[in-house]
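Please model the entire structure based on the sequences and the hints provided.
So the chains spell out like this:
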Amino acid sequence: MNKTELIDALKEIAKPYIQDEEAFQHVTEATNFIDDLKINSANLVDIVLDVEDKFDILIEDDEMERMLTVKGAMDIIISKMDV
Amino acid sequence: MVGNDIVDLQLARKESNWNRPRYLQKIFTEEEQDFIAIAPNKHLAIWMLWSRKESAYKIIARRQKRRFYAPKQVGNKLNALSFSTFLEGGQVNFGEQTFITKSSLLNGYIHTTAQLKDSCKSLIVSSFSLDSSDYLNQKKTTRQMLLTSYAKENNLPVADLTIQKDAWKIPHLYAKGRRQMIAVSMSHHGNFGGYALQA
Numbered sequence: 001m002n003k004t005e006l007i008d009a010l011k012e013i014a015k016p017y018i019q020d021e022e023a024f025q026h027v028t029e030a031t032n033f034i035d036d037l038k039i040n041s042a043n044l045v046d047i048v049l050d051v052e053d054k055f056d057i058l059i060e061d062d063e064m065e066r067m068l069t070v071k072g073a074m075d076i077i078i079s080k081m082d083v
Numbered sequence: 001m002v003g004n005d006i007v008d009l010q011l012a013r014k015e016s017n018w019n020r021p022r023y024l025q026k027i028f029t030e031e032e033q034d035f036i037a038i039a040p041n042k043h044l045a046i047w048m049l050w051s052r053k054e055s056a057y058k059i060i061a062r063r064q065k066r067r068f069y070a071p072k073q074v075g076n077k078l079n080a081l082s083f084s085t086f087l088e089g090g091q092v093n094f095g096e097q098t099f100i101t102k103s104s105l106l107n108g109y110i111h112t113t114a115q116l117k118d119s120c121k122s123l124i125v126s127s128f129s130l131d132s133s134d135y136l137n138q139k140k141t142t143r144q145m146l147l148t149s150y151a152k153e154n155n156l157p158v159a160d161l162t163i164q165k166d167a168w169k170i171p172h173l174y175a176k177g178r179r180q181m182i183a184v185s186m187s188h189h190g191n192f193g194g195y196a197l198q199a
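Protein chains in written order, with the working numbering: chain A, 1 to 83; chain B, 1 to 199.
Read the hints as simulated data drawn from the structure, not as lab findings. In this text the structure is predicted, and so the values were computed from the model without any measurement. The beta-carbon is built from N, C-alpha and C at its ideal position, and this holds for glycine as well. A couple of the hints might just be wrong.
Selected chain B positions facing chain A (Cβ under 8 Å, derived; list incomplete) [to be verified]:
1) LYS14
2) ARG20
3) ARG22
4) TYR23
5) LYS26
6) GLU54
7) ALA61
8) ARG62
9) ARG63
10) GLN64
11) PHE68
12) TYR69
13) TYR135
14) TRP168
15) ILE170
Structure below.
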């Protein structure tokens with residue numbers, strides 16, 4: 001899976017929770033789930049769980065700290081998929 | 001500094017499924033999970049605990065000028081004598097820091113404010129229902145409610161007042177371009193908005 005595919009996969013996961021359609025059309029690695037997509041912080045955990053399910057990985061609490069941006073999520077997924 | 005958080009209880013029921021496997025374990029400490037397990041109203045307990053974490057987190061993020069997602073590091077201290085005592089407020093800890101939270105359970109929503117234990121001041125707190133749950137409208141209305149009230153309180157024309165966020169997304173209140181020495185926190189969720197001001 002290349003970076004573009006990974007971003008697309010994350011977009012698909014984030015889609016049900018976004019509150020800013022405009023920002024959603026322009027998602028990049030720098031996109032912040034809360035600031036840009038206006039995702040409720042209580043729904044960020046759903047994204048964490050969806051990522052775990054989709055990629056069959058387990059995200060530790062200290063890793064979850066960085067799950068605020070698309071880049072943060074990508075880094076976690078990539079590091080887990082290398083194993 | 002001050003933090004506040006609103007939870008629309010009906011919307012929370014709709015947009016968050018806390019029965020989802022691993023959900024509670026990801027965001028609540030063991031102490032909090034034990035408390036939820038025996039709570040007479042789990043839905044209420046969960047969102048009360050969450051709104052307190054969020055309120056305290058807002059202060060932590062502002063003090064540290066750092067954003068992170070670590071709900072379990074911000075833990076409610078739960079030695080409440082009864083569920084009704086718990087509903088009024090409590091203590092939240094983050095490392096060595098202690099926050100005092102106060103919550104109001106209103107008609108369909110929870111409004112919580114937090115302050116650092118050692119700098120508790122009297123707050124101006126307000127919450128209200130919003131006529132639209134559209135995100136941008138919620139944000140605009142919540143700001144407008146705050147500015148209107150502050151203008152009235154201080155005998156200022158509301159047109160002179162603005163709220164601007166700094167590079168760390170911390171909101172500040174300005175009157176005629178001059179930053180006011182007052183801490184501001186705003187929140188909205190679903191059909192409800194609220195704010196807290198600390199002089």
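Each hint tested on the structure:
| no. | hint | verdict |
| --- | --- | --- |
| 1 | LYS14 | 11 Å, violated |
| 2 | ARG20 | 6 Å, holds |
| 3 | ARG22 | 6 Å, holds |
| 4 | TYR23 | 6 Å, holds |
| 5 | LYS26 | 5 Å, holds |
| 6 | GLU54 | 6 Å, holds |
| 7 | ALA61 | 11 Å, violated |
| 8 | ARG62 | 14 Å, violated |
| 9 | ARG63 | 17 Å, violated |
| 10 | GLN64 | 12 Å, violated |
| 11 | PHE68 | 4 Å, holds |
| 12 | TYR69 | 5 Å, holds |
| 13 | TYR135 | 4 Å, holds |
| 14 | TRP168 | 11 Å, violated |
| 15 | ILE170 | 12 Å, violated |
Hints 1, 7, 8, 9, 10, 14 and 15 from the list above are not met by this structure, while the remaining hints are.
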